[in-house]
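> Here is what each chain is made of, one letter per residue.
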Amino acid sequence: MYAGKKGLGRYSFWLMLAPALLPYLVFKIYPFFNSILLSFYNWNGVPGSPKIWVGLSNYAKFLYQPPFSTMFWRALSHNVIVFGLLLIWSTGLGTLLAWFLTQVRKGGGFYKGIIFMPNTISIAVTGFLWSLLLNPQFGAVNALLRKVGLDALAMPWLGDSKLALPTVIAVNVWHGLGFPVLIALAAMLSVPKDVLEAAEVDGANRFTQFWKITFPIILPNLINLMALNFSGAFGLFEIVFVMQGAEAGPFYSTDLIGTLFYRTAFGGMGATASGMGLGAALAVVTFLIVIPVSLIATRIQRRYSVEV
Amino acid sequence: MVWRNPRLKWAAIGFHAVLIIYALIVMFPLLTMLLGSVKSTRDLFVNPFGWPEQFVWANYVRAWTEANFAIYFKNSLYVTVVSTTSIIFASSMAAFVLARIKFKANAWVHGLFIAGLVVPSRLAIIPLFLLVRDLGLMNKHLALILIYTGGAMPFAIFLLTTFFRQVPNELAEAATVEGAGTWTIYWRIMLPLVRPALATVAIFEALHAWNDFFFPLVFLRSNKLMTVPVGLSVFFGEYATDWSTLFAALTISILPVIVLFIFMSRQFIAGLTQGAVK
Chain Z
1 MYAGKKGLGR YSFWLMLAPA LLPYLVFKIY PFFNSILLSF YNWNGVPGSP
51 KIWVGLSNYA KFLYQPPFST MFWRALSHNV IVFGLLLIWS TGLGTLLAWF
101 LTQVRKGGGF YKGIIFMPNT ISIAVTGFLW SLLLNPQFGA VNALLRKVGL
151 DALAMPWLGD SKLALPTVIA VNVWHGLGFP VLIALAAMLS VPKDVLEAAE
201 VDGANRFTQF WKITFPIILP NLINLMALNF SGAFGLFEIV FVMQGAEAGP
251 FYSTDLIGTL FYRTAFGGMG ATASGMGLGA ALAVVTFLIV IPVSLIATRI
301 QRRYSVEV
Chain C
1001 MVWRNPRLKW AAIGFHAVLI IYALIVMFPL LTMLLGSVKS TRDLFVNPFG
1051 WPEQFVWANY VRAWTEANFA IYFKNSLYVT VVSTTSIIFA SSMAAFVLAR
1101 IKFKANAWVH GLFIAGLVVP SRLAIIPLFL LVRDLGLMNK HLALILIYTG
1151 GAMPFAIFLL TTFFRQVPNE LAEAATVEGA GTWTIYWRIM LPLVRPALAT
1201 VAIFEALHAW NDFFFPLVFL RSNKLMTVPV GLSVFFGEYA TDWSTLFAAL
1251 TISILPVIVL FIFMSRQFIA GLTQGAVK
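Protein chains in written order, with my numbering: chain Z, 1 to 308; chain C, 1001 to 1278.
Since the hints were made in silico from the structure, they are not lab data.
Mixed in with the good hints there might be a few duds.
[What the hints assert, rightly or not] No more than 27 angstroms apart at the CA atoms, straight line, and that leaves these computed lysine-lysine pairs for DSSO-like:
(1) K1074(C) - K212(Z)
(2) K112(Z) - K1074(C)
(3) K1224(C) - K1104(C)
(4) K106(Z) - K1102(C)
(5) K193(Z) - K1224(C)
(6) K212(Z) - K112(Z)
(7) K162(Z) - K147(Z)
(8) K106(Z) - K162(Z)
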């Protein structure tokens, strides 16, 4: 279809593009490119104050000049741990539950609805809820553990620097698990039934059926889920902020790139770190880590898209 | 598959058992919250997850009025409705143009929108903060509405363009012969045909606006403008020891969405799974 051909009317379709294009360019694209630009300056963000070109020195601070480099590498190592936990708890457990859903004849829709339900809750609200439940003295989790005789397991979940990060991630998985379950389930349902039935006739038990037939078919979807775990780990902020504070306690044991970035941008790191340029540099480093993986994920997604 | 022998029947029971255990893990916090919201604080500390000694509805009254939840709720509703409406209009018009009108820059503009799929919005918060401040939008709902609208375009346009392209050409051609202009074709013919896709976008983006914590945290300062999730954080600071009111406030935050989910779970699931694979 062609736009009208008379005079200026030919360009009238731009009027229909404008309401999408303007907010997108101003509030999404411009800030993205401006991050890159700002990262080369030293500026406190106050209008009229000097904005000094410092080249790559903001990057140098994060990469190898303590104290910022200490915080950066610590947060990055926590992000790697989180990614590992998500691979097992989100993609792994999600795939397992999805497979269980394909094996039951009744109640599948019911379980699916329940598993997905927490996904509709705000992640911040989820954090507030669980911070009450995990309270060491009055929380329902420890009360339940004591009631069933597992007193030894009633721990200060969020107060222990070894337990805090896995606990926060477990809460995050409680919130998000419905998504990998549904993606894996949709992929499994695309496996042709007659192939599975033929294998069953040939005497393959259901585990063999899963490993030899289903798993190879759904592998691209699982790789896509893993890529989402990766970018998801770098997007985590609220759950840590709400449950452990901006300082990501105890003793920064739950500090992630997301919380470190928030402190760099909005204070909490001392006067020397309140620079907008320093925060922007951290944002650019994160872009460089996340965007390639997202691109790969989008490619895989496009090539093997699953109908949900 | 038919369970021919007892061994298989036991396996089926095992599968159900695991699924029921996980369903309980999902439900336990939500039920604890619901029951906690109608207990007295003393009852709650003695008996954290059992049935309430007696039902204390006053917790809800306190959360709704004293703790400003009536205001937070209204603010969330306003931001959600306005941003979802503007997202639907802006993205459907743009997607219609990109899917159906030939012009030189078409592929380029479409590519520009799609590229946004891999750009995480929140990482650009520093320039965004300076921009909002310089535009005088600090502490205004409009800042959130514009950010949500701009941020939603890649996914919404990506999804809607695909749907608009599937509409058979004959329909639009017939309308052109009848003398319908571009606007009429969009509004009268195309839009009604892509309603399911519009619903997907609307549910995903409405939920995102309703649940968002990050942008209100950065841009809203005054208590009377806060949306539910950030209002909840103020409330958790002020009422830290009043657990039963905290549970009532949590229930007010969570229950409306859960109830909608129960009635429209298919649309929710479609919206959220397609929305999150960005």
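> For each hint given before, does the structure comply? Return the numbers of the non-compliant ones in rising order.
1, 2, 3, 4, 5, 8
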